[in-house]
Amino acid sequence: MLATEADVLEAAERWRREGRGVALATVLETWGSAPRPVGSHLVVDAEGNFLGSVSGGCVEGAVVSEAAEVIASGAPRTLEFGVADETAWRVGLSCGGRIRVYVEAVE
Amino acid sequence: MRLELLAALNAERVARRACILVTEMESGAQRLVRAAEIAADPLGPALAAALQSRKSAMAGEGAARAFLTVEVPDLRMLIVGAVHISQALAPMARLAGYDVTILDPRTAFATPERFPGVPLLTDWPDEVLPAFGLDPYTAFVALTHDPKIDDPAIQAALAADCFYVGALGSGRTHDKRLARLAAAGIGQDRLARIHGPIGLDIGAASPPEIAVAILAEVIAARHHSVFAGAGQTEAAQ
Numbered sequence: 001m002l003a004t005e006a007d008v009l010e011a012a013e014r015w016r017r018e019g020r021g022v023a024l025a026t027v028l029e030t031w032g033s034a035p036r037p038v039g040s041h042l043v044v045d046a047e048g049n050f051l052g053s054v055s056g057g058c059v060e061g062a063v064v065s066e067a068a069e070v071i072a073s074g075a076p077r078t079l080e081f082g083v084a085d086e087t088a089w090r091v092g093l094s095c096g097g098r099i100r101v102y103v104e105a106v107e
Numbered sequence: 001m002r003l004e005l006l007a008a009l010n011a012e013r014v015a016r017r018a019c020i021l022v023t024e025m026e027s028g029a030q031r032l033v034r035a036a037e038i039a040a041d042p043l044g045p046a047l048a049a050a051l052q053s054r055k056s057a058m059a060g061e062g063a064a065r066a067f068l069t070v071e072v073p074d075l076r077m078l079i080v081g082a083v084h085i086s087q088a089l090a091p092m093a094r095l096a097g098y099d100v101t102i103l104d105p106r107t108a109f110a111t112p113e114r115f116p117g118v119p120l121l122t123d124w125p126d127e128v129l130p131a132f133g134l135d136p137y138t139a140f141v142a143l144t145h146d147p148k149i150d151d152p153a154i155q156a157a158l159a160a161d162c163f164y165v166g167a168l169g170s171g172r173t174h175d176k177r178l179a180r181l182a183a184a185g186i187g188q189d190r191l192a193r194i195h196g197p198i199g200l201d202i203g204a205a206s207p208p209e210i211a212v213a214i215l216a217e218v219i220a221a222r223h224h225s226v227f228a229g230a231g232q233t234e235a236a237q
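If you read the sequences in order, they're chains A and B. Just so you know, we're using my numbering here: the first sequence kicks off at 1 and counts up by one. Just so you know, we're using my numbering here: the second sequence kicks off at 1 and counts up by one.
FYI, nobody ran anything at the bench for these hints, they're computed from the structure. Some clues are possibly wrong.
Said to hold, decoys possible - A short, non-exhaustive set of chain A residues, derived as facing chain B with CB atoms under 8 Å: (1) ALA72; (2) GLY74; (3) TYR102; (4) GLU107.
Even for Gly, the Cβ is constructed at its ideal location relative to N, Cα and C.
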């Protein structure tokens, strides 16, 4: 089964209670044909395990690596992805959309 | 996000109560606003609009600019009748995002072998539905053909304002059902909410086809009527 938003938020709480470093990513805004709606969540732990989706797979890798830094620093950050990015071939959205993602640590 | 805030958010979800997590983008400050607390919040009107739309969104300007994570209860489907159609409908509805439960006091039908992984309630509707907690975020589907089982469950679903109430049976069967329910004191406005004969008219014949017709009608009800604030959507004939 696909992970639901409830599964993701439940996992975020449970992973943190288990003592894992945890970051929560949330889709803040989308433009064009972004694959996941505003409010979609991805939870990431310090080991890079993750659950949920913010883009249907296009930029999850980049979000997971940014999440490691957010977990380490505790400071939230906002990421933006889209075809206009110079990194488009690596982490762009093949659908031509753009998304902004908020990444925060659970503390 | 503080763990306590996340835990409070999850507790509201489990209790099937709507709430909004407000994240101020400039300061990073966060607060959880329950439905009853919206009017007193500085972003009150924006929160009320977000809750109505069921969609997370940005709101406010300048220093007050904030992201609203809107949490509304997950959708459920209660299927009364552990019949052939239910065997097709349960997995389809789960794929479409519904938490599915099956109710049938006939334990020969409601078996884990026939419904792997689906929660089964095997008591009579009057006994088990108060604890189940039908609500406006629940789709209700009656499929037993047996008035002793279907009728009390339909009455409970109407009283709970389930966003979809459908009942299996031909036009003639449905007319008889409406007459029984009217005699039991259910008003015409409520009776008009029952989708019967159940399902969109796609010429469905086999149990899986009927399950598709029912699920499509549930999805239409979700998007076109209650949650969008529009009137009841009739089956496309």
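- prompt: Hint by hint, which ones does this structure get wrong, listed from lowest number up?
  reply: 1, 2
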